[in-house]
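Could you put the whole structure together from the sequences, leaning on the hints where they help?
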Amino acid sequence: MSGDGAEPGMIREWTTLPDGRYLIFYTFEDEPAGDAGDESADV
Amino acid sequence: MSELRWHPLLGEWVATATHRQDRTVFPPDGYCPLCPTAAGGFPTEVPAPGYDLVVFENKFPSLQRQPPPPSVAGSPLEPVAPARGACEVVLYTPDHHATLAEATVERIEHLVRVWRDRTRELGARDDVVHVFPFENKGAQIGVTLDHPHGQIYAYPFVPPVVAAEIAQAASHRAETGRCLFCEVRDREVDDGRRMLAHEDGWVAYVPFFARYPYETHLVATRCVRALPDLNRREVRGLALLLKRILTGFDGLFARSFPYVMAVHQGPSKGDAPYHLHLEFYPPLRSATRMKYLAGSESGAGMFINDTLAEETAAQLRAEIPVSA
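The listed protein sequences derive, respectively, from chains A and B.
So the first sequence is residues 1 to 43, counted in my numbering.
So the second sequence is residues 44 to 367, counted in my numbering.
No wet-lab data here; the hints were simulated from the structure.
Don't be surprised by glycine CBs; every beta carbon is placed ideally from N, CA and C.
Where hints are given, some of them may not hold.
Quick look at which bits of chain B chain A covers, simulated, 3 or more residues with Cβ under 8 Å [to be verified]:
| id | stretch |
| --- | --- |
| 1 | 89-96 |
| 2 | 99-111 |
| 3 | 150-164 |
If you want it as structure tokens, here you go:
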């Protein structure tokens, strides 16, 4: 899986280790200026 | 063996995790299980020659997705439950010798975003009620691996410290209609003597009621419950503030400063009153002396602080770099 459900600019790559545990590689892309990424408004 | 046993005298759960006795303790150079796996080299936990940030399920978990049945039968007085939940490890960087204090603001910002992502995902699970990111740093804290990393526990209940804070906050709200955390923060800002620094959306101070010398709280200026409530500006502000506070810690005694970092956020289920903040518990009371949790702290629950918050705040403030 990659990028599933991740926030903008975040890439998640899931893998399963030999004993069944999950491991997630996180990488990040530069977000364009003005990209909200703001799930909640300032108050 | 792994299970939850109820402590009827304190009204809280205790996790047993006997497999943790076998976990790796300070492996020799070249055998760190948290480093990337080099071509032809020792196979570590991370099956890749490099990484940015990594999260994985702890090999020696106290809480797990599919826990074994309890090893003993409980009773109505002392119930036993499967140790359900999650224990994750968060690798901050592939650089074995780095620390979070030495990381760039961008890397720290990415870490905050990972915390937020894991809070959303773990908190959505039916078996998870509370998500707790934290870091134990330094041998003085009991760390067994030097590689820079933190952890995330996902509990099937609200843990006792957060539950106590919620009870206090609920009582205060019932009496005054106000957020207890906001009032404490505003009092610190108005007083100023224990203030350390501020960045966009955040303030840092040694609280008036500090239990540990150099105890430090980072508190959101907006009344938000949890990491997923943070907007982009507040995430950046927290990263900037963490960088400055951690740099100040290292400057205090000219050494890599040990601490427990606790991210306190509201439970993932329900709407209990809460206010997102981070707490640092450094175990040092001087460059060479430890603050131990001894008789009064461990046996009676009353902390004794050998320092004054106003004085330790002034010492720390002098070591914190100015805002970029």
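Review point. Has the stretch 89-96 of chain B got at least three residues whose CB is nearer than 8 Å to a CB belonging to chain A?
Key: holds (count 6)
Check your understanding: Taking 8 Å as the C-beta cutoff, is the stated coverage of the stretch 99-111 of chain B by chain A satisfied by three or more residues?
Key -> holds (count 3)
**Study point:** Stated coverage of the stretch 150-164 of chain B by chain A [criterion: 3+ residues, CB within 8 Å]
**Key:** With 6 residues in contact (Cβ-Cβ under 8 Å with chain A), the coverage given for the stretch 150-164 of chain B holds.
No hint from the list above goes unmet by this structure.
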